[in-house]
Structure formats: structure tokens, C-alpha cells
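Student: Chain residues, written in single-letter form:
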Amino acid sequence: MQRIGVFVCWCGSNIAATVDVKKVAEELKSEPGVVYSADYQYMCSENGQNLIKSAIKDYSLTGIVVCSCSPRMHEATFRKTASEAGINPYMVEIANIREQCSWIHKDMATATQKAIILGRAAVAKVNLNTPLTEGESPVVKRALVIGGGIAGIQTALDIADAGYKVDIVEKKPTIGGKMAQLDKTFPTLDCAACILTPKMVEAAQHENITLYTYSEVEEVKGYVGNFDVKIRKKARYVNENLCTGCGECTSKCPSRKGLNEFNMGLDGRGAIYIPFAQAIPNVPVIDTAQCIKFKTGKCGLCQMNCPSKAVDFSQKDEFIDEKYGAIVVATGFDIITLENYEEYGYSMYKDVVTSLEFERLMNAAGPSKGHLERPSDHKQPKTIVFVQCVGSRDTTGCGKEYCSKICCMYTAKHAMLTREKYPDTEVYVFYIDVRTPGKNFDEFYRRAVEQYGVHYIKGMVGKVYDDGQGHLMVRGSDLLANEQLTIKADMVVLAAATKADESARKLGTMLTASMDTNDFFTEAHPKLRPVESPTAGVFLSGFCQGPKDIPETVAQAGAAAAKVIGLLAKNKLKSNPCVARADSLICSGCSNCEKVCPFGAITYAETDVNDGTVREKRRVAVVNEAVCKGCGACTVACPSGAMDLKGFTNKQIFAEVDAICRQTGE
Amino acid sequence: MQMIAEKIKEKIKELTENGKISRVMGWKKGLYGYDSEPFVFENGDLRDFTYDAFSGANLCKYMIAQSKNDGDGKILVLLKPCDTWGFELLDKEHRIKRENIYALGIPCGGMVDIEKIKKSGVKGITEISEKEDTLILKTMYGEKEVNKKDYLLDKCLVCSSKEYKDCDELFMTDLCGDTAEYDRFEEVEKLEKLSSSEKFEFWRSQLEKCIRCNACRNVCPACSCVKCVFDNDNSGVAAKANANDFEENLFHIIRAFHVCGRCVDCGECSRVCPQNIPLHLLNRKYIKDIKELYGDEDEAALLTFTTEDKEPSVVYERGKNNV
Amino acid sequence: MQTDRGVTAEKEFQPKIIAFCCNWCSYAGADLAGSGRLSYSADVKIIRVPCSCRINPMFILRAFQKGADGVILAGCHPGDCHYSTGNYFTRRRMTLLFSMLDYMGIEKERTRVEWISAAEGAKFSATMNEFAGEIKKLGRSKRLGDLRCR
Amino acid sequence: MTENEEKKLCAEALIISGVKPEKCMKCGKCSGACPSYDEMEYHPHQFVDMVSKGQIKKLMESASIYKCLSCFVCVERCPRNVMPANIIEAVRALQERPQGTDRLTPDEVKNILDDDTPQQLLMAAFRKYSR
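Listed in order, the protein sequences are those of chains A, B, C and D.
Everything in the first sequence is counted per our numbering, starting at 359 for the first residue and increasing by one.
Everything in the second sequence is counted per our numbering, starting at 96 for the first residue and increasing by one.
Everything in the third sequence is counted per our numbering, starting at 844 for the first residue and increasing by one.
Everything in the fourth sequence is counted per our numbering, starting at 858 for the first residue and increasing by one.
Accuracy of the hints is not assured; some may be wrong.
What the hints assert, rightly or not - Cβ pair distances, simulated, as ranges:
1. D679/A with N164/B: 35 to 45 Å
2. A839/A with E284/B: 52 to 62 Å
3. A839/A with R954/D: 48 to 58 Å
4. K288/B with K980/C: 19 to 29 Å
By construction, these hints were calculated from the structure, which means they are not laboratory data.
Predicted model only: the values in this text are computed from it and were never measured.
Heads up, the beta-carbon is just placed ideally off N, CA and C, and yes, glycines get one too.
Could you build the full structure based on these sequences and the hints that come with them?
Tutor: Shown next, in the form of C-alpha cells:
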């Protein structure tokens, strides 16, 4: 049996003016378990707290009820008071007789009666409280960043600068991501490489950062503060430690049939290649599907020509096991394939290109060395038509339902750069809406129209076809002029919809981090916790959470880093003790609780159970207390009642219900 | 049926000889020919084995206990189509050790309800044999022939599918009879159309018959908890018997809720109820609701969601048409 | 109150209403109603739960068993759950439970789910008033009341 | 035709066609793709827009409802599943129905048949001019 003390607060006149506090204290004294009751003007004041402390000592109280303001206000205060007086902080319950009673009722009798009932419910609950201890787990002071684009690099740099170790895992042979492929960036038109490559170098040289390029995350176990991650380092067939990056091998490779991924396949590369000049690490990789040595066993020119004996055909995939305290997802994006949009003729006509391909065509390091020429005959195009929303905002299932967000701005950029460099080129842009919310964004778009004379046409393209004389005929509607027009163009540029990177879904499953139907990672709270995943210890950076441009990506990368630093700065993680608990004697191991847990906190283990009559090995649920957040979804999914929530047990809630329903005067 | 039973026996012998199985979960002849019961046949002794028109019992739930020990070898379980759904559920919920079981899907042409025959006035049955769709009833007062189809179990009247799930082998299953033409939601719809007080009276009159024998619970493949919440003194709702009307309701509402979305509609609860309470109508209501509100989903309805789910107020709006 | 039985009988019917509120949204909404002095029926008593998905149908039935006349569940708006998906489960569970109560002829008007955010103090107060009014109109819980353990 | 009658007809057109014009995001791709655009006074996107605004009279009276080839390219191209061709078809039906009899009978087909006329055209014409 508990020995409970009841403390009724006046809150000055806030409570006492409408609630007869003396009567409440008196009435509650006769409740089961109550051995002491008192009222005081301000329970939360030092004197009030001392009153509670001395009552706990004098009456050997095991639990207390404070009838006062909302627990959201002072529950923590009174828990601390109880703890200082030597009883478990979770032996405290608050009856909210201010917000829920004195402030909303005017009639003294009514309010007093209600306060008594609320007090009774709290007493009934405390009678069933048990001491709870906050779980503690150590924090591994190392972070993992998955994805080496601008988001991943920025997050890693920020974390590393704070003094923590960071590993970047990038599936491609180099870091840099999509931004490395871009020519200029909107709205300032500074060159992407000029602002990105220094960051890439900084990441590579940072003493706290380890790069795992050409690597993928294989397996993730553990929980916040203590993740165990297995990383697969794919074989490059070039020894990174020996290679000097001289490029001798790449120039000697006799196979030239490979499509240069970095240039969007617009030109070729050897079977052994470095993706681009500023690649980090500056170490080649062998494409085994293309390599003659791997296909026929004969060749090996690269190996023979390597001055530092770095080429190693026998290299195998390596596995690295590492522990991390936090994981940042920065898997970025890709663009959709356009096979569902044959009306634009992307797969039929060489001169219909995606915007990312156009970036490469404009880029000084691109296949045409920055001279804009169309892919079919390398002539400079005189008329270019840009089409926006290709696959974005499409509800038919062919494309993506969402707005890709970045296309309006980069199309304006492309149009502007084209007119700047080749003023004799006519540039048309078909648009549905021009969406330019952002600092200096609309000004940028207006400059394209007003200063550069880009023709914006409100309407969509219905068909692109060949006129048989090397021109592309672009037929679309001009809604404002109410006419259908056909433009004779030399080149068509499609703003293909963006999509989450293909690796994201698999990774989401591995991390038990929730995703939306578009494979974008969901944030813990759409407004208040935008860079955290609902899964504790997993953070989101960049496009993987939803479409973003570079400034937003960098901002979010920094925010994610700050969250990671905040986590890693702690030596121990204290966890909420009000978490779920499975009774292994009753659990049937049916997995229903696991399916409703939003946090993946429930696992199953073959456990020896012995209830005195039956002894057996059985599959039972185990709650990982460090991961459980205590929502209680599992407790209702569990039919046998084996799953209960500490601090809000079934019996406690039953007791509260019973106390409230009890007949008055009974 | 006798022919099928013989073939099944041969099949069992073959499997036993091949060392694939060590025991058989099947039905054992009773005294009168209509009272076969679940039985584990061991050591190849199949003398009392039967599979007849009265083998309605679903054997899948026995697999929880029977498959527990790894050392016992494999047990063969005979499953009619509707039995396999419960079997699949038990497997999905890790309640059985599937690797210790050999599930044999067997044909079913509908099972007979002996109570219905008795109610029709036939007394003193001593023996029953079958000839195609005819049942030959030997009674103390002479012989009588009846059509099997007229005395099918309620659950067989609304047989919805002859699909077998999760079986290791299907045996002669092309001999399955047709599925029923009746709409299994018809009874539920009829009840839904009643006024609120009529519904209340109906269920009151039914549930007050409940003697809390727990047969419905014990036979149900979805009610497979190691310890039922109503048996657990610590749960706060434990009750060995119904102390009052409320507890009758409570037990059945909660039981229906606990199996909601997991119930495979095998109809066993109603078949075994000694008080003939149409318990399947509670479960079937949930099946109907789920179908109407959420459509077909792979996961049990209460273990998943979509962000576009209907609000609970849909219940009030739906009810407005028939107060 | 045996002595003044006559008085009690004439006294206005005071329903017993339990409101289960999730800690993050609806309980905070109730606090806001309080600090805004937005009065609502004193018949409503709040029980705090971490999330609406903690509410077991057994709690609701238990309340009716012990003499409650109405039970209302309040949680974060769908999509805003503190635990991200808890209230989606609540929505399904309660839809199906209420449908079953209706099917058994038990007055469905006595149970309700409302989504009330931490910013909706006014909505909290209005909802509770409206619900309490409804229950008052319905009178003492009979269908479940008759079955009640006395 | 009063305003109300016109509104009623619009509602009917939406029911017949099953089109939900509120799904339209006014991109104009339907009209951009329409092969019969120059022949039509009103264009696919205008049909969607005007019917949703309750202005069906002009559409019913225009020749555009007969100029539509029913090629369904607008339906195929629409990124929002709006189905403009269906609404054109519905407007045509509303214009045709009260007139009753078949406006193109199989007997007449013989006379207008020649080697250059594609079969699809005849099929489309038949669908359009008869009930």
C-alpha cells in the first residue's frame, strides 16, 4: 500500500478564488492510500516545495499528488522536488485544477466538486504508480553521412568542424553529386564548380572526415547513439593508396565505348576512368562490364602502364563495420526517365535533351567544351524551345504528382545564359506556371524576360516531331493568345521531373525511417522538426526529404549538422522511462505490436519463459527502451495485454476512469 | 467421401513410409458416425481415421501445441480450404512452427450440421453413411435418406472460396464442391437495417444466452494468445464468468475487436457455440466494414492505415439513413 | 444522499463525461482553453494519455460500465501526431469500434473522436460544450447503463 | 436558354462525361496536342473551362463539336486525367440528343466512301452523327 500525500495549491487566487482548496484537501484525505493532505498558497514556490519535502520525510510518503496547474507547467518541478526528498520522481501525479477547473468554472460549488474528482483520479493513479528509472545509453561520438553531394558534404563539414568524426558514404566513385554536374547556379550565376570543388577538397582533407566513395551501406542495426553499420566498399580495381591520379591508365585504355555518366552519356569514356577532372578521390575505377580484360582476359594495358603499380584486377569488395551515434541521410535526387512521354520525342530525336544534359552542353568542362552545340550534328542551335513541367505535377501515374520546385529557376537560368552567350538565338519557354518564391528569384525570372528577351509562352507542348529537314517542330498551345503554334526549333530542352534517388527506399527500410509514397523521407514534424526523421538518431539533409534548391539544401544540411552535434555532445542519452514493456509470460509473439510501432522499437527474441507451470522457449517481443518514445500504439494492438506502457498502464487508466465515474457521496 | 477418406489414408501411408511425417492430425470416428472429432494418429495406426460429412472441425489451431517440439518430427495436418486461411494466419503471426508441419490441402464439398438433422425430427441415429450427396441415416426406427445439401453447416452455406493457402501439397482438391451462391453479408445487412433498439434487443437476446464457456475463443484461429486478457488476473478486466449483462457485451465486443481485421471468417465460433449464438455475425460485420471503408489490403486493417482514411464520424453519417 | 432523495430527483441531470486527451495536442488545447478562460461544461473530466493511440477500447467500455454517460477522445489532427502515425491508428480503431457499438444498438452518439490541436483552445471548449449538451439531451446512459454493474 | 438552363446542361455534361474540371491545372497541353486545333473555334481546354463556368450554349452552337476528331490525343496527353475529349463528346451529345433521329445512316456511307478516307474517320463520323 502506498502512503500518499496530497498537496493542494491555491495559486494565489487563481485557484483559491473559485475552488474551496481546504475542502478539496479535506475530502481527498479520506481517499485510499492518502495519509497526509495540505494546502498552500504557492506550491511551486520554494516554501511550497519545502512543505512537500518535509511532509515526504515526516510521513514517510511513497507518492504524492499535487493539485495545481497543468502538468505541462510544473510536473518537472514537482518531480524534482520529490526526487530531492528521496522518492522516485515518477511517483508524482498532478491534478490539473487550474486550467481544467478554476479558470473555466465560475461557480464555487461546481468547481470544488470537480477539483475533488480530478484529485481522486490522480490519487487512484498514484496508488498504482511504480518507481521508474530513466534509461541511459552511451553515445558513440561519430556520425555517418549517407550521400556525398552538396547536402552530405556540408553536413559532414559542419559536424567535423565541431570536433566530431564523420564518415561519408557515397555510392559513386567520387563525391560531388548533382551539383558537380551543374554549370552555373541561380540566381547569382556563379559557377557551380567554383563553389563546390573547394568544399569537396576541404571534406577530403579534413582530419575528422573519412570518405568511403564507391561504397554503399549494407546493413544498419542498433539505435540512436549506438548504430552498427556495415559498409560495402566496392572494388575499384585500383589501389587507392598507391594511385597518384596521374591518369596514365585512363588515356591508355583501348575501350572507348563506355557512356560518360558525368556528361549524361553525351560522350564516351574508357573502361578505366576518373569521372571528372576535379573528382575526389582522384582515383580511377574500372567498369568491369566494359573492360576488355574482365570480359576476355586479354588486355591489361592500364596495369602495364601504371607507373605506381596501383591497378589490381584481383581486388574484392571490402566490408567495413563501424559504430555511429547519429546517421544523416543525404541521398539526394535524380531525374525521371522519359519513356512515358513519347510526345516530346526524347528517345527519338538526339536534339531533344533533358535540362541536366543541357547543363553539360553549356559547361566548359562538358563534352563540347562549353560551346553550345546540338548533339546530332554539333551545329550551334539558332532556336531553342524549353518545356517545363515534363512529368512534374502529373497525376496520371506517368510522372510525379509534386512540383519539382527547381525547374522554373533553372530553365530561366538556361534561357538567360543562352541569350547572353549567343544573342542571336531565339529562346522559347513553355510554362504552366512560373513559380519563383525565393530571395531574388522572381527578379531573376523577370530579367530573363525583360532584359534577355526570352519568349515565355503560357501553355504546354503537345507534340515534338521532325520536319525531315533537320528541324524539330514543336507544337504547343499559347493559352493567352488562344492559338496553337508550331515552332521550328533546332533543339528542345525538357525540364524532366525530379525524383528521390533510387537507393533511398532500400535505405529507408534499413533505417526504419518512414517515407512518403514518393520515396522522400518523412520529417519528425513537418513544421517544428523538419530535419529529423521520426526514427531517433536519423537526420535528413537535402533533396531526400523533398525537392530543394542549393541554398535550401545547404541550410538544411547545416540544420541537420546542428542536430547531430547536439546529440553527439551528450555523453549519455537519457531516455523517457514511460515506455512500452512486454510481459514475456503473456506475449504470444504475434508481431502485431511491431507492425504499428512508428519507431521500429520492437524486435523479437527466442526467450526462455517460465511462469511456474510452463517452461519453454518462445518468440516474444522485446522493446528497445532507447528507441521507444512511449506513444502506446502497441498496447492497443496487443490483444493479450502483454504490452503495457509504463507510467500510463492499463490498470492506472482503469483506476482513473473508475475514480471519475464513482458516484458522488458514495 | 469414403473413397476420398481411403485415398487420404493411402496418401498418409505413403508420406509416413517416405519418412516425411511422423504423426497425423485428422478426425477420428465417433460412436455414431456423426460425431467424428479431432485426433492425433501416431505410429501409423489409422484404424479409426475418418473424413466424412461431419469433419467440420478446423484442425489448424491444434498446430500451435503440436508443432512446438522440434524433436517430434513433422506432423501432417489435413486442411479443408477454409481451414487453410486460419492456418495461414497462425503462420503469419508466428504462432506455429511451420517447419514442423506438413500441411495437406484436402477437398471439401461442404460439411453437415448434425443439429439441423436432429431438429428435422430424425431421432435415434445409430450410423450414418454417405453416397454422393445422399446421407443414409440408420436409426433405431429404420433407415432414412436425406440430401446432404439441405443440412449443411451455416458456415458452408456461405462458403466463399475454395482457395487453399500456405499448403505443402494439395491432394485431390479438384474434387471440391462449388462455392455457395449466398451472399455472406446478407445477414449482416439485415441486422444493419434494424432500428437502434431492435439491434439492441437482438443482441441482448443473443448474448444473454452466453455461458462464457469460451468455446468460441478456444476454437478461433485468431484467438491464439498464450494468455487471454480475460484470463489474466493482472489485466484489470479478468473475468471467469459473466457477472452481469455488461460483461457479456464486453467480452464479445472486445473479442470481436481483438480479431478485427485478422478474422478469416471460418465460422467456427458459431459452429461450436453450445448456445447457438450467431457470433460470426459480429466478426463478419467487421469484415464488411473493413471492405467498405478500407478496401482490400494486404495487412490486417488495424495494423495499418492510409492518410486518407475515413473519420470515425462516418459511422454516424452512415447510420442516419436508418435510425 | 438518502435524506434528500426528493431534491436529488428534481436536480438537473449531470452527465458524467470522460475526455481522453493526448498529451501533445488536445491536452495542451485544453490548457489553452483554460488560460483563455473559455468555459466548458464541468461534467467533462480529462484523462491525460501520451497519444490518442494509447486509448484502448476497453477504457471506453470500462467508463460506460462504471457509469459514464459519454466518452470523447481528442488527439492531434491526422498528420500532426507527435509520434507521427499514432492518431491514424486511433482513427481506424475507433471507426471500427463505434461501428460495432452502433451495430449492437448501443447509442453511438455517446462516443466521439475529435482532432484538436494545441492552438485550438476555442475549439476544445466549443467541442466539449457541444458534446456535453448532446449527452445531456440523451439523458442517462440507458443501453449501457442498464447493463451496468450496480 | 436561361442562365439556369445553361447551368443545368453543364452539370449534365459533366455527369455524362465523368469529367471533373476542377482537376484541370490549365496547362493547355490538350490544345497543344490537338490536331484539329485550327479547325475549331473553341479548343479542348476551352471546353473544359467553359463547361465548368456554366457557358455551354456557345459550345453547343459552335461547329467545333463536329470538328473534334475524337482522336483522344488530349485525353492521352493530359497530365491530370481530365479527359477533354469526353467533355466535347458530352456537349455534342447534348446538342444531338434532342434532335432525335440518326443524322448519318449506314446507307449514306456508301455515297461518301472513297479510297482516301481512312476507316477511323468513318468510325468517328458514325459515332458523331448518329446515336
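Student: Provide an ascending list of the numbers of those earlier hints which the structure does not satisfy.
Tutor: 3
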